[in-house]
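**Student:** The listed protein sequences derive, respectively, from chains A and B.
First residue of the first sequence: 1, per this note's numbering; consecutive thereafter.
First residue of the second sequence: 1, per this note's numbering; consecutive thereafter.
Calculated directly from the structure, the hints in this document are not laboratory data.
Hints are supplied without guarantee of correctness; some may be wrong.
Unchecked claim - Interface residues of chain A toward chain B, partial, derived using beta-carbon atoms under 8 Å:
1. T122
2. G123
3. W140
4. H320
Unchecked claim - Some chain B residues judged to face chain A by a derived CB distance under 10 Å, without partners named:
5. I11
6. L113
7. D117
8. N118
9. S126
What the hints assert, rightly or not - Derived coverage of chain A by chain B (criterion: at least 3 residues anywhere in the stretch with Cβ under 8 Å from a Cβ of chain B; other residues may be distant):
10. 72 to 85
11. 101 to 113
Beta carbons: idealized from backbone N, C-alpha and C, even for Gly.
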Amino acid sequence: MNARSILDHWQDSGELDQAGYRRALLALHLAPDTERWRQLAARLLLVGGALCLLAGVLMAFASNWLTWPRLMRVGIAEAGWLALLAWAFFARPDSDGRRWALFAVAAMSGIWLAVIGQTYQTGADTWQLFALWAALALPWALLANFAPLWGLWIVIVSLALQLWLPHAPWRPALSAWSLFDEINLPLIGFWLAALALAERLQSAAAPWTARILPRLLGLALALLLTVQASMVLAGEHQHVFNLSSSTSGAVIVSLWLACVLAALYFYLRRRDLLLLALPLFSVWVAVLAWVVGAAHGDDWLYPVSILAIAGLGLIGWWLHGRNQAWQAAPLPALTEAAQ
Amino acid sequence: MMRWRLPLFIIAAVITLLFLNGIVWRHEQTLAQGHAVLLPLRPVDPRSLMQGDYMALDYQLTQQLTHDLMAAPPAAGQALAIVLGTDSDGVAQFLRMAKPGEQLQAGETLVRLKWEDNGAHLPSNSYFFAEGEATRFAQARYAIFRVASDGTALLAGLADERHNTIPDRLQAPTSAHSNP
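When you get a sec, could you build the whole thing from the sequences and use the hints?
**Tutor:** Spelled out as structure tokens, the structure:
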């Protein structure tokens, strides 16, 4: 319960009169003063203006877009890009405004490219659009060095890799990945490289918000590898899709196991509880998938349930122990950063 | 802006501008100066989608190519080079698959297509137009492509059964032969 709720509760129960309630609000800086009202009004106007602008752009596209000449359509996209470029150029260096302007420039490069593609209908593959967008966005990501922009760039490259896979020259040898089919090794390689780079560039003492990108990458990798490994261990690749070979199954399980062991070793030293939990839950899911795939009949229901609950309890108990140990003996780097 | 950032900012901006405007310039050149080719359409229906009205396009040429090559299909994504001629009516006809370095005869046009999993594809399989124009475009019987010397084909418009271009905005129709 926060301070405001406590005061509200006291006032509702009659323990605090109106004057006292007002004094308490002012003393705790909970009552909005003129400055805060002004800030709120400015923000409301800003949000309202941005929404009006967005609605205007949407209406213009919806009503007139295809009646405009080709060059005007492309020119409007280019003018939007140039306006964002000017914002990025004139924004205060190393400010959030400049970083978001560079984010917008990188995003607008893709929109401009898409408008060209739609206007001229060149028949280029979608993966080529995303690959080109990633190339155009890379300098802006390097300039901004801004986690949301790196996140956008990783998403664009991931889409390019995913869409490129059916065209990959080695595809006939290893088949292509789909959600329940085979595995996109280039995508996993890219995510692993991005995660390794993010961990190398980022201090272990970085605050929680600065570690969102590596954690999202870790989560994505854990999901992708766990689903694939579980499918192989449960035998679903052969039973349902009849597309897998024993070779690719062994590759998937080996890759998953290597990543689990590497993550356990690294994040135990790194002391990141969330990223340490992911390989443990991954093993829990994979073991359950293997047991369910091997077991048949209702007799297995209770043993599997007990295994699932016991596994979860064991993971929770061990993680709790790690957390307590880390808090009792913080890393030297963390101690220095706190000071 | 830090010392190394300003040059990178300028280089990135210039490269993006040159590259994307270069693409637009090349396509405009193809549409303005490319060789006009009239391709018969298979029956189509105007459809409405989130992007506005558009017409789904299917071509007799790609149907014929798909039929001819299906026995030994090329790899997905492989480019196909074909040679087109024109019949007495001025409509493009498939002559043969082009050989590498082949010299074309007078009246022949090289066109590049792509083979996907389900057959041969020209660059455009839809034609977008403004809302409320579906009735006019339902009369389309031919697609007008402009083809560059390297075989790159861009959809320039649609034509009715008398080969008249259907204008994007209402104006006097012109002949596809003279001014597609």
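**Student:** Now tell me if each hint is right for this structure.
**Tutor:** Hints and how they fare:
With a cut of 8 Å, the hint placing A/T122 at the interface with chain B holds, because the nearest CB-to-CB distance is about 5 Å. For A/G123, the suggested interface contact is upheld, since its CB lies about 3 Å from the closest CB of chain B, less than 8 Å. Interface hint at A/W140: satisfied, since its Cβ lies 6 Å from the closest Cβ of chain B, which is below the 8 Å cut-off. Hint status for A/H320: violated, given a least beta-carbon distance of 45 Å to chain B, over 8 Å.
Hint status for B/I11 relative to chain A: holds, with the closest Cβ pair at about 7 Å, below 10 Å. The closest approach between the C-beta of B/L113 and any C-beta of chain A is roughly 8 Å, which is under the 10 Å cut-off, so the hint is satisfied. Hint status for B/D117: holds, given a least beta-carbon distance of 8 Å to chain A, under 10 Å. Hint status for B/N118 relative to chain A: violated, with the closest Cβ pair at about 13 Å, above 10 Å.
With a least beta-carbon distance of about 8 Å to chain A, the hint placing B/S126 at the interface is held under the 10 Å criterion. Check on the segment 72 to 85 of chain A: 4 of its residues sit with their Cβ under 8 Å from a Cβ of chain B, so the three-residue criterion for coverage holds. Coverage of the segment 101 to 113 of chain A by chain B holds [criterion: at least 3 residues with CB-CB distance below 8 Å; count 3].
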